[in-house]
Structures are given as structure tokens and as C-alpha cells.
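Asker: With these hints in hand, go ahead and build the complete structure from the sequences.
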Amino acid sequence: MKPLSLILSAWALLAAGSAHAVDAAAAKALATKSACLACHAVDKKLVGPAYKDVAAKHKGQADAVAVVAARIKSGGTGLYGAVPMPPQPTLKDDELRLLAEWVLAGAPDK
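Sequential numbering of the sequence shown, starting at 0, is according to numbering that gives the first Met the number 0.
Any given hint could turn out to be false.
[Said to hold, decoys possible] Straight-line alpha carbon distances no greater than 30 Å define the calculated DSSO-like cross-link-like pairs of lysine-lysine that follow:
1. 56 - 43
2. 44 - 109
3. 44 - 58
4. 91 - 51
5. 32 - 51
6. 32 - 44
7. 32 - 43
8. 91 - 72
9. 32 - 56
10. 43 - 91
11. 58 - 72
12. 32 - 91
13. 109 - 58
[Claimed, not checked] Distance ranges between label pairs, derived from CB positions:
14. 76 - 109: 28 to 34 Å
15. 109 - 86: 25 to 31 Å
16. 92 - 20: 32 to 38 Å
Think of the hints as simulated: they come from the structure by calculation, not from any bench. Even for Gly, the Cβ is constructed at its ideal location relative to N, Cα and C.
Answerer: The following block contains the structure:
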């Protein structure tokens, strides 16, 4: 009975995780509107780090979405170099979360 219970629990966790898929089109549109793509690219450093590098830096971090969302909102300097990232204080919490989830997913197109 226990092995079946473990299998069902694992399946439920996987199903729950996939239910929160990132809306890539909405995230990319928001990143474009917010001028994020003027300084960041998916796979290469521009002015700021590549999104894949941000995702790699936070891989396995339980609070990664909250940390990246807070960084987007407050901006800052020093984490990836001396060039400051301007803050995005006008973005709503759900927009910050969407951008953070998208970046941490590797900024997918779809």
C-alpha cells in the first residue's frame, strides 16, 4: 500500500507543477513593453546578463521567483557586474512574478 501511496503523491506533485506553466507570450510582451529586452537576451550577455545565466544562478533555489521578482522591482547593481539595472517599481506583483518565472524558465518563446 505504501509504494502506491508514494507513486500517487509524486504524480500529484508533477501534475501540480505543470499546471503553473509560464505564459511565454504574455511574459515576452511585458518584457518588451518594460524595455527588459533592451539590456537582456536569452542566451548572451548584452548590457545585463543573459536570462539563461540568471536561471542557472538561481537553479534549485526555493525562493528564486521571489528573489528575482524583488530584484526586477528594485533594480540594483553588483550581482552581475557594475552596470546598474534600473528598477521597475510600477510593475504589479503578478507582472513581476510572471517575468521572474519566465526568466527562470529560460525565457521561452512558447
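Asker: When you check the alpha-carbon spacing of residue 91 and residue 51, does it fall within 30 Å?
Answerer: Cα-Cα ~24 Å, so holds.
Asker: Between the alpha carbons of residue 56 and residue 43, is the straight-line distance 30 Å or under?
Answerer: 14 Å, holds
Asker: Could you say whether the range 25 to 31 Å given as a hint is met by the Cβ separation of residue 109 and residue 86?
Answerer: 29 Å, holds
Asker: Quick one, are residue 32 and residue 43 close enough, alpha carbons at most 30 Å?
Answerer: Between residue 32 and residue 43 the Cα gap is close to 20 Å, so the pair holds against 30 Å.
Asker: Against the 30 Å threshold, does the CA-CA distance of residue 43 and residue 91 hold or violate the hint?
Answerer: 27 Å, holds
Asker: Would the pair residue 91 and residue 72 pass a check requiring their Cα atoms to be no farther apart than 30 Å?
Answerer: Holds, at about 9 Å.
Asker: Between residue 32 and residue 56, does the CA-CA distance stay at or below 30 Å?
Answerer: 25 Å, holds
Asker: Would you check the hint for residue 44 and residue 58, treating anything up to 30 Å between C-alpha atoms as holding?
Answerer: Roughly 18 Å separates the two Cα atoms, so the pair holds.
Asker: Hey, residue 32 versus residue 51, does the alpha-carbon distance stay inside 30 Å?
Answerer: OK: residue 32 and residue 51 at ~20 Å, within 30 Å.
Asker: Check whether the Cα positions of residue 32 and residue 91 lie no farther apart than 30 Å.
Answerer: 14 Å, holds
Asker: Just to be careful, I want the Cα atoms of residue 44 and residue 109 compared with a cutoff of 30 Å; is the pair within it?
Answerer: 21 Å, holds
Asker: Does residue 72 lie within 30 Å of residue 58 when you go C-alpha to C-alpha?
Answerer: 20 Å, holds
Of the numbered hints given earlier, the model fails hint 16 alone.
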